[in-house]
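Colleague: Grab the two chains, each in its own frame, and use the hints to assemble them into the complex.
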Amino acid sequence: MAFSAFATGTAQEQAPRRKSKIALLLLLPGILYLMLFFLVPLVSLVITSFQAPVPYGDIGEFQTAFKWQNYVDVVNTYGEHILRSFGYAILATIFALLFSYPLAYFIGVKARRWPLLQNLMLVLVIAPFFISFLLRTLAWKSILSDESFVISGLKALSLMAPDAHFTGTAAAVVFGLTYNFIPFMTLPLYSNLQQLDTRLLEAGSDLYSTPSKTFFKVTVPLSMTGIVSGVLLTFIPAAGDYINASRDFLGGTGTAMIGNVIESNFLVTLNYPVAAALSIILMAVILVMVTVYVKRSGTEDLL
Amino acid sequence: MTKPLPEDPFIRSLVLQAQRAQFSRRNILKGAGIGAGALALAACSPGGGGEDKPKAAKDISDTDKTVRWDNWALYLDVDDNGHYPTLEAFEKQSGIKATYTEAVDDNNTYYGKVKDQLKLGQDIGCDTVCLTDWMVDRWIRFGYTQEFDYSQIPNAKNLVPALKDVDFDPGRKMSLPWQGGFAGIAWNKDQLPGGLTSVSDLWDSSLKGRVGVLSEMRDTMGCIMQDLGTTIDGKWGDDDFSAAIDVLKKQVDDGQIRNIKGNSYKEDLQNGDTLAAIVWSGDITQLNFEAGDHWAFALPSKGGTLWNDNFLIPIGSQHKKNAEALINYYYDPEVAAQVAAYVNYIPPVAGTKEAMMALDPSLADDQLIFPNEATLANAHVFRSLSSDEDQRYNAQFQAILLGV
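Chains as they are written, first to last, in the numbering used here: chain A, 787 to 1089; chain B, -6 to 397.
Please note that a few of the clues may not be correct.
Stated by the list, open to error - Computed list of lysine-lysine pairs in DSS-like fashion (alpha-carbon distance at most 27 Å, straight line): (1) B:295 - B:166; (2) B:346 - B:150; (3) B:182 - B:201; (4) A:941 - B:201; (5) B:85 - B:48; (6) B:201 - B:243; (7) A:941 - B:112; (8) B:90 - B:314; (9) A:1081 - A:999; (10) B:295 - B:314; (11) A:853 - B:182; (12) B:112 - A:853.
Honestly, the hints are just simulated from the structure, not real lab data.
Here chain B stands alone, though its shape is the one from the complex (with noise of 0.2 Å):
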């Protein structure tokens, strides 16, 4: 495992030159034994080092009025036909052409299919994309994503307050949030009529092979960590952490916890493998619209995790000021509720709940919505991890999912 770089920008830059010049006279001695041709083909091979980030592509919005936008499943409003209500207004307002895409199914796997083009500086196929949290922070820590001009975007003052300033992007300059919602836990209400209160609830030994957990690390850990006590947005470190995996991996080793899934923990929430589980609020939502009203959700009483979604405009993109124009679209109060109200996650628009008012107002007192303070009071973002944290961390709870 490496160690940290220096905090010091200034010495940071040093240290890095330093290596570089290292490098490169290691590499002339082991040209020679392997030859060019293997080296020119290990350009080919993902990683490579180095800091030279990819330069943003020119924009032909002017030119050309399309914008493509990558997607997760689910997260725009959409009728019984497959139009998307609120997108084709977009279209009709603003004359731009836009293109939606369920393309995202988790932060992982998209990355992996895009991140070579994205250090190449190549268009991606998308003008903007939406991620979690963490991952925008990797794409900015990268240098993948493009710098939005705000006179563009003059809605984006409508932005709740809570969510202006985040650690991994100061000031918002790259990214801007598209949804929130909560990751907390929820139960089969037929087979548990006494409820869930808190994340050690989970561990009772009547539910044993029966409890699922998140394969999101932030998500499982963060519900985990605040059940021991930790502040996870505050500060907290290896052993806070540790704390935490050492439950986990005894209640996986137990069998106490059936499963770690991703978003396919529905489907054994919906067949009766799972009873209770650490689970994403807005899914159950749907859940239980889609087949029948059978689970309930709760933040544990010790707190669950916070999470947003965020817009942000890839590197290679050429319509930088077409997904500016459909993200100033999206901070409309008014076309907010009319997502949220089919989304069923938390607007990041302030003026949303009012407009939410006139559209529908049995969702207008939806916690899972629109939180009010006790609920938000409840509900915690996980820090942003350095480098070294993530990829150790990381490793610890694959290392779980595993079973290694």
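Next up, chain A with everything else stripped away, as it sits in the complex (with noise of 0.2 Å):
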């Protein structure tokens, strides 16, 4: 699985050839959590996908059968939500990652000298965690309010137009994605870069090449198993996020991610088919685009 690749280490053992009880009772516990807690309600969910009305029921009332027209109808109903959460999540994932690797080439490989300035900026990096999530994108929206110094100074530089807002918007959904991703991000590249051979660094530039040769041709390969595990550690989670995108948060009635969809049926119209239906959507489309980035950024050795 594509798990894996989280893992920054290297060394891969071959597996013992003896067989030992004790390691398939050790690995009992998580089998038997694992077919609990995911496999039984991941077989529910496909089975409520392919759920019908109750003829003449009440709201919320489903019954049992093989209605496959639910992805067909939700695909054309909510295509545009689809197309517009990997959007979101693929622009958020880009935008951490150009953040975050020039921060994590800082602390891993230039703040060496200074093991305190090194753990100070780490510290920085966590620190958001100490804080609810759902209040620092709460505090991000009165920052980012119409009447905030920040939005009334664009708009008094005019850099923003006098009647323009910021909340509610696409760029306000991305920006919120990508600043509570960031620290996803950065540590599997701290991890990663931490390690960096900088002698190898020092070879490029005895056999003369330029820096960003060096770094192109040297850095980013070594570094491409913290990239993947940084992407993927950002990718999976902003694609399915509805709290960014919520309208009692970042976003508003144009930007309803698939998360927000799947909310509003499961939770208001009680339309549990096609809430289901649309998250096995996700949970596939994830997987397949999963699969191919692995298997394009030649780290196949990780699935």
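Modeller: What follows is the structure, encoded as structure tokens:
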């Protein structure tokens, strides 16, 4: 599975030949846990996604059926939201990578001489985790509101049109996603870059390579496992996120992502099959995208 | 979309019976294909049709002197130390230990949390809960509530006459109002000194992008429909609703309406993103109290909506008698006045105004707490929807919220 990509270690040992009963016994709780809390809900979700409404039934009443048309309806109705979710998630991942790479490089490579500074900067990256994700997003909503000094300042400098808004727009949602997932991008990159052998960079310059060429030929390929882990850790939750895009936070009526559609169908209109079908589609698309991505980035041994 | 069942109960039950027979045949065929395991799992998945209603739990009130009450946030008088004075007085007076939880922050999410236990007739962790009219309608329709024993609630005689009979619960067999309120329009007094008088004032081009409306369908749609001339508590149909949906959709698409929100709309009023909005009356009183006197509230000239949150006893509660004692206590006008002085919503208990005269005379004239005939004439209850209407209208409204 793609999730082994999160491990940054490189040593891949041969599996021991001898079968051990103790190993199986130790595996048992994990397997039972996954069966109960992953497999059973997944099967239940698949069944729900094919349910049909009870004829003449009340709100939220469905029965087991094989209504595959649910999937067609969902794609027709919410196709735009599905595309939008992945569009936002891809943008947020790119921005997070562009922001995090120099940061991680600085902490992991440049700051090696000053361990105190290194630790301090790491704390600063992680510190936002001490405050609830919801509170931080709400705070941004206030900071970026129409009457805030940020927005009125931008308007005074004519960088924003006088009647323009920021909250409730696509830009605000992508901003929120990027901000909230930066630590997930920075930490795997850091743990990888921290092991970067700087002698290889010196060798690059000894061979008359320009710094940028050394970066793209040596540093980036060596940090590929970190980049892949960071991208997966950012992209997967960002695609399914429903807080940033929620109308109560940074989003508006025009920025709903799949998560918001699922929430609305599940809690308000009680249209469970639609919500379930959307969840399955979300999972399937993520799985396909991640597989293609990992293969393309030349790290298929991670799969 | 499914067709509504015939109104006549006898024909209705015949139709349902015929359908059930048909489905069981079909299910047997399907079972061969899917496999027994999958069908067993299907039992875990939400939904599932059928008319079988859960049975009320056994009442153990006499041996277990406790009652658990789930309610909305800021909906009961509280002092600076986090104690609830009226509730503590109830505990002392009755000897029943009460647990109060602010567990409801939205009718839909609360329902989503407890519906599966309710369907099975299990305890949902509370013995009484206050929910809004239309949600109470749904609980009663599904048989998720227990019938009151009015001999245990003598104070129920104080219920104001206007609320004694409601279409979702004729004779108030299963529900009693807790507090009521209005949905109307509010605006920022500093920025809009001229004020607003009607919902159409919200569509003024000078407010473009600074208008908010509620994500509660009945309040937003109720106000817009009345602005278009519909009597929302009378007979109206799909055309009237669609006309109002068109207005809402146009204003959202044009960017006039910035956002559609639930409880969090208060933050937008505070940070200035919203200058004028469709809001709930009591919130504005509280907001003015907390954040400085910047906002004004009015019922729109063509009418606002009136709603109530109601006590009900969930089907799985084993403390029905204790819950009834609690409800009875809050139907005492003196107690109701203490609560109203804090929550600023409309108490459903006759005599509260007189009790308030003694407690805090300045509040006794507040039209938002003790509305007079003229105020009430301008506020209407959104009529109950049939299950079919409920599903269709909700879908239309949600489509706008999601920008479909």
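Colleague: Determine for every hint whether it applies to the structure shown.
Modeller: Going down the list of hints, with the structure as the test:
no.	hint	result
1	B:295 - B:166	violated, 33 Å
2	B:346 - B:150	holds, 16 Å
3	B:182 - B:201	holds, 17 Å
4	A:941 - B:201	holds, 17 Å
5	B:85 - B:48	violated, 32 Å
6	B:201 - B:243	holds, 12 Å
7	A:941 - B:112	violated, 54 Å
8	B:90 - B:314	holds, 13 Å
9	A:1081 - A:999	holds, 24 Å
10	B:295 - B:314	violated, 43 Å
11	A:853 - B:182	violated, 54 Å
12	B:112 - A:853	holds, 24 Å
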